[in-house]
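K.L.:
For reference, the chains in residue letters:
4 protein chains.
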Amino acid sequence: MLKVSIVGASGYGGGELLRLLLDHPEVEVAQVTSESNAGKFVYKVHPNLRKRTDLKFVSSSELEKCDVLFLALPHGTAMEKIDHWMELAPVIIDLSADFRLRNPEDYPKWYGHDHTHPELLGKFVYGMPELHREEIKNSNYISSGGCLSTAAILGLYPLFQAGVVDLDKPVVIEGKTGSSGAGGGVSLSSHHPERSGAMRSFKPTGHRHTAEIVQELSFHGKPKISFSATAIEAVRGILSTAHVFLNKEMDERELWRIYRKAYAGEPFMRIVKESSGVYRYPEPKILTGSNYCDVGFELDPDNGRVVVMSAIDNLMKGAAGQAVQAFNVRFGFPETTALEFPGLHPI
Amino acid sequence: MLKVSIVGASGYGGGELLRLLLDHPEVEVAQVTSESNAGKFVYKVHPNLRKRTDLKFVSSSELEKCDVLFLALPHGTAMEKIDHWMELAPVIIDLSADFRLRNPEDYPKWYGHDHTHPELLGKFVYGMPELHREEIKNSNYISSGGCLSTAAILGLYPLFQAGVVDLDKPVVIEGKTGSSGAGGGVSLSSHHPERSGAMRSFKPTGHRHTAEIVQELSFHGKPKISFSATAIEAVRGILSTAHVFLNKEMDERELWRIYRKAYAGEPFMRIVKESSGVYRYPEPKILTGSNYCDVGFELDPDNGRVVVMSAIDNLMKGAAGQAVQAFNVRFGFPETTALEFPGLHPI
Amino acid sequence: MLKVSIVGASGYGGGELLRLLLDHPEVEVAQVTSESNAGKFVYKVHPNLRKRTDLKFVSSSELEKCDVLFLALPHGTAMEKIDHWMELAPVIIDLSADFRLRNPEDYPKWYGHDHTHPELLGKFVYGMPELHREEIKNSNYISSGGCLSTAAILGLYPLFQAGVVDLDKPVVIEGKTGSSGAGGGVSLSSHHPERSGAMRSFKPTGHRHTAEIVQELSFHGKPKISFSATAIEAVRGILSTAHVFLNKEMDERELWRIYRKAYAGEPFMRIVKESSGVYRYPEPKILTGSNYCDVGFELDPDNGRVVVMSAIDNLMKGAAGQAVQAFNVRFGFPETTALEFPGLHPI
Amino acid sequence: MLKVSIVGASGYGGGELLRLLLDHPEVEVAQVTSESNAGKFVYKVHPNLRKRTDLKFVSSSELEKCDVLFLALPHGTAMEKIDHWMELAPVIIDLSADFRLRNPEDYPKWYGHDHTHPELLGKFVYGMPELHREEIKNSNYISSGGCLSTAAILGLYPLFQAGVVDLDKPVVIEGKTGSSGAGGGVSLSSHHPERSGAMRSFKPTGHRHTAEIVQELSFHGKPKISFSATAIEAVRGILSTAHVFLNKEMDERELWRIYRKAYAGEPFMRIVKESSGVYRYPEPKILTGSNYCDVGFELDPDNGRVVVMSAIDNLMKGAAGQAVQAFNVRFGFPETTALEFPGLHPI
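In order, the protein sequence lines correspond to chains A, B, C and D. The UniProt record's numbering puts the first residue of the first sequence at 1, with every later residue one more than the last. The UniProt record's numbering puts the first residue of the second sequence at 1, with every later residue one more than the last. The UniProt record's numbering puts the first residue of the third sequence at 1, with every later residue one more than the last. The UniProt record's numbering puts the first residue of the fourth sequence at 1, with every later residue one more than the last.
Just chain A, same shape as in the assembly (with noise of 0.2 Å):
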């Protein structure tokens, strides 16, 4: 049993951890933290898991030492003291935008900050299994891909390896999100009467997901992305539409190889990809706590595009679950262990 502690266990990232590492059965959840709800029992925040665990939150000032650390802080929080974390425990699993970007000027290009420990920058392995199983597991240093920058690169990667992609042209992205993107804070913008039934450009340009995005996908040069981020009606869910323009003539059956390739062995992804029927595309509604990400696609060869389509619940495969994956692949757990919930429907 791995003694796991998680700081921020009162956000909606840091609960879905605590919700999926209870029911690990190599995890002993030992310390979760949280500084306004210090000394509460967590089904007071998480009001599903009553009667599910005796935990109550602690500050993080009472952190003792454990195996692994999972850090659930906003962005920014995490750099500041990560030295601290360091000393706890010699596994970091962290799933803010922290360690997420190799290149330190990318920081105050995109966050608008300096890194405070660029030196750290290398250590850290971008956690989506998917692209960096290898490199997890030999790390101790692992960095959660971001929600919507997550359902962008799954759709995409295996065109950009596959090398197919015109990188003279624009790559257009288009993420939609939920509302429990935004985190548990409240805002005039979450306010139930001013989000309900929202479709609500947020970030038409300059998303910070954008950074992620690029550096992921440069197999063979850089991307021209261009992202986009509106918030729509719902509370967890991402589906992300990409518009991809390929570099030769293909048909469909190619591209279908190279994302059977790319996917064939993975647990967690799904081609979705039907002629008929109401979920013949990638549906984040299906995927509410599932860990899956469906991707899709469509080719429209008038114009030599591809359109992909993915999908992902953005507190599992965006955050929480993605992490847990990870932790999975890092100590030689089946890499489903905690996260078999396939989703519901209807839903």
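Rather than coming from a laboratory, the hints here were simulated on the basis of the structure. Careful: at least some of the hints might be erroneous.
[What the hints assert, rightly or not] Have a look at the derived ranges for each label pair, beta carbon to beta carbon:
1) D/MET1 with C/GLU28: 48 to 58 Å
2) C/ALA38 with D/GLY39: 50 to 60 Å
3) D/GLY39 with C/PHE219: 40 to 50 Å
4) D/GLY39 with B/ALA38: 38 to 48 Å
5) C/GLY332 with D/MET1: 25 to 35 Å
6) A/LYS222 with B/GLU62: 51 to 61 Å
7) D/ASN247 with C/PRO334: 49 to 59 Å
8) A/GLU62 with D/GLU249: 49 to 59 Å
9) B/GLU80 with D/GLY185: 40 to 50 Å
10) C/ALA38 with D/GLY122: 53 to 63 Å
The C-beta atom is built at its ideal place from N, Cα and C for all residues, glycine as well.
Assemble chains B, C and D onto chain A, guided by the hints.
P.N.:
Leaving out everything else, chains B, C and D in the frame of chain A:
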């Protein structure tokens, strides 16, 4: 391993049964039937099961003998062929209303037609473990409760059993339900533009589930149940709000004691009653996919009234989950087997 | 042209008042106040009014004399400065609860504080034209009804006025409401991920609107009102489901006659009671933006019960619309002026 | 008073037409047709019109001559009987796609069948006043634009007209739409449990509205339109997000000037582009019931990209509202007549 088949597995209740039984360690799902989808992979109808099973639907005429047969058919259909089902399997668990009522006269009154096999009504047990656990253990014929009735009965049963309800006064129960309760068949009332955002009385008087509620709460006499049903915006979930009047003055502590006594050992019953917090009373949204029934109450001393709130996922505790729980009871498996999912927050 | 100002125009009720009065042919909107938004264009807060008005919010300290002053302030705030408001305008229409109750003792009981100007309570008329049209015509001080109470009172008033209700039996009223009823201030309970999809009892007993309902229905004695409130998924809309017990046997035709008599000439009351169809009973979603109150009922002869359903848009007939209607009555304008919008289908 | 009839008034577009025309001071609605509802009061189908009209549906075979005939029929149906409709009325306004495209070859390509009256295509004007006001004034045959195409065209037209778009680069347009766009006919994909909470690609490539968009934006050559359509949770509303690449370096001020010039005098176009605030970009939810088209944009100088967001109510500016606006233009009525409703906040 028990060989289990599901009749009517393309519906919402049948689909949930299938999802649960596929993960049940003591079960092999042998066959699942659907007349209109025979020959299709189940994931074509239940897209959440993609990559989880290779099963295809078969016609019910192709059904083979098995150990347990779950019937998830429209009301009135199970009874027609009950002799046939009984030949196919020694144990039958029916999710329809066809064998819920003990009194044959209730069928013409509430369902508008005579029962075709009144002699069998006495053989079936009402499959709610909280009320009939011992009978379920010893019965081969189990009839699951209705969705709205399950929520109402589990909310009120402790008070009626304890004999503290004034049986001369009305018991007013308002059941609020999501759209999946009306099933998978298309109709104008379930057409999204018409159904979305609904607060819609659909059965203010005369709802069929009234018969079950009266039957199961008649511990000390027949209660005067005034039941109304309202459709509201949600896919899953039932919140039952019941107003009962006490036959004597009581304080909150005495009520607590009654509920604690009734539900202390129950794996799926939680008493939810906090003095503050968003989730201080039962709420179905955090139960999505879980088998819990959350029950809370509030005393209105001025009127001698207790307001009892009870929440379930209508397809789980209100249908498939209840059936699997009864199945576990019947075969001596741990009662929570395949029902461990706690629900999500946020959702 | 009457010179009209609105105090508290940045809230949801105030915003609707402004929308309605901007299109009122007999009104010039002089000033609209908001302390936190003073100096801003109103469309920054109410984006639907972009290009409809050049008004900016002012601080209430900048208010000038006018012909009519609408008060759309939080409860408890209007009464504090009532002397000041009365100096500013000869006619005051208050949307808060501060002057709704005739009995000063109701304030400490239901609102937890004494009334600061009990001597004025007798000067205000309860601004519901269906019950108090003649008094409104002759009053300079009008207090609009609460949202949940308006739906309940308009649903039940004909039965109570006709004297057919058994006053010894409980009257159970379940009010279901959307999120805008809780106002524009952010809170965890209105945070979209927490509020979305809610079926949430928030005041099962002791709701303040009970006091108004009792006050307005005491035609032949004090009714035993048991009121509960549930928040459900919607931004606007209230559905009140009331269960009353008759003091004699009656058939549907007699009930029809009572409702027809009460509401035949009312411009905003519609009796909705069809034998079939999706919208056979009242439903708030088709009332969004309209001032109608739809009322329907169903007789449960077994229990001598009548279930009365009544639906409104809480911000219209339940707040701003009711206030403008009373304003029209007071000044002799056609009662539907500025209130002609019929609602949408589908929505 | 013009005598106006509506063919196909039981659908969602026809119902909105009826609602608008009933309040039009220069119109007498003579007849409204529905084959399946002939003989029924219109409020049985459009419950928002209860107490607003005594009209009953008639069969189209009962249609009498009138001044203006609105056709709100399914695509492919209007053209079949166009000779008949032309005999009935001197002015025809068609809401279907049957006469939108100028090039007869576009019909087999995009709609899968030949046009039955290609000789009439030249007689119809594309009924979008912002692009064709003068032609509409002088035409007796008007064909309203499609819903998704209207949003896209109105968002992009100023840039294409100004000639600042790089026509060699792709124009990627993502149209997001609510469920009413799929019409009133029931189907599994619109069944509430399946449709609720959807983020569903339904036409990633090959959407028919592409033809109109190309047609209307070909000011300086044929643009390379890559259009995709996604269904999301909402009943009404379209948000079009378009990514265009400029043919020269430009700054925001120049873009502002282009949009201001194009839309300065337009009664229903609003440029929505604020530096902060929840509604800083166009958003369809506050347009529900209104005829506005809100347009905003954001420059991405790194990529020479402009992201253009445009929002409409698909049943108003995207169907019935656009048609009534064209009707007003054609007959010289003030263009906003019967289209004054500003939309609601919150909603």
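K.L.:
Could you run down the list of hints and mark each one as holding or not?
P.N.:
Now for the hints, and whether the structure bears them out:
| no. | hint | in the structure |
| --- | --- | --- |
| 1 | D/MET1 with C/GLU28: 48 to 58 Å | 31 Å, violated |
| 2 | C/ALA38 with D/GLY39: 50 to 60 Å | 58 Å, holds |
| 3 | D/GLY39 with C/PHE219: 40 to 50 Å | 42 Å, holds |
| 4 | D/GLY39 with B/ALA38: 38 to 48 Å | 41 Å, holds |
| 5 | C/GLY332 with D/MET1: 25 to 35 Å | 29 Å, holds |
| 6 | A/LYS222 with B/GLU62: 51 to 61 Å | 57 Å, holds |
| 7 | D/ASN247 with C/PRO334: 49 to 59 Å | 57 Å, holds |
| 8 | A/GLU62 with D/GLU249: 49 to 59 Å | 56 Å, holds |
| 9 | B/GLU80 with D/GLY185: 40 to 50 Å | 32 Å, violated |
| 10 | C/ALA38 with D/GLY122: 53 to 63 Å | 57 Å, holds |
Hints 1 and 9 from the list above are not met by this structure, while the remaining hints are.
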